[in-house]
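S.K.: Here the sequence shown is numbered in my numbering, starting from 1 and rising by one per residue.
No lab work stands behind these hints, which were simulated from the structure alone. Idealized CB from N, CA, C, for every residue including glycine. One should not assume that every hint holds.
Ranges of calculated distance between the beta carbons of each label pair, as one might list FRET restraints [stated by the list, open to error]:
#, residue 1, residue 2, range
1, 43, 88, 27 to 33 Å
2, 64, 88, 24 to 30 Å
3, 69, 127, 16 to 22 Å
4, 135, 57, 18 to 24 Å
5, 88, 45, 24 to 30 Å
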Amino acid sequence: EGKGTGKGKGKRDAMGREKGVEEEREDSGRASDVHRRKHFHGAIVKVLSTVCPERYLLKMTNRMINGMLLDVYHRIKQTWLHLHDTRCDTYPSNDTSKDLGVQDLQSAVRLVFPEELANHAVAEGDRAVEKFRSAS
């Protein structure tokens, strides 16, 4: 009688869904059709454990920080693409103008963040790129 009704008798996963019950998916039913969101949860925990190993974050706090990071990410991305489109319109004959370049990204960061924070972010980005290039 009570089996499979999801009324608290079966085991549930982290999202509160009953285990063993598959989600209904539209169209082809493949997992790749399900909308996936970018998230920074792993990076947030990794940075926090590096800075303060004795501290931890609640799930809600991690979600809030993730939301803020996604907001900043989308602002930089939109500004970057806008700068790129403007550059392509200004210099249409240049074949390399179709590439999203480092200069556009640095300019987008400088437009989104205040001056001191932008300078720090650009310097850290340059340092990370140099470290990556020297490793490979």
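S.K.: Find the hints from earlier in the document that the structure breaks and name them by number, from lowest to highest.
M.R.: Going through the list in order, the structure violates hints 2, 4, 5 and respects the others.
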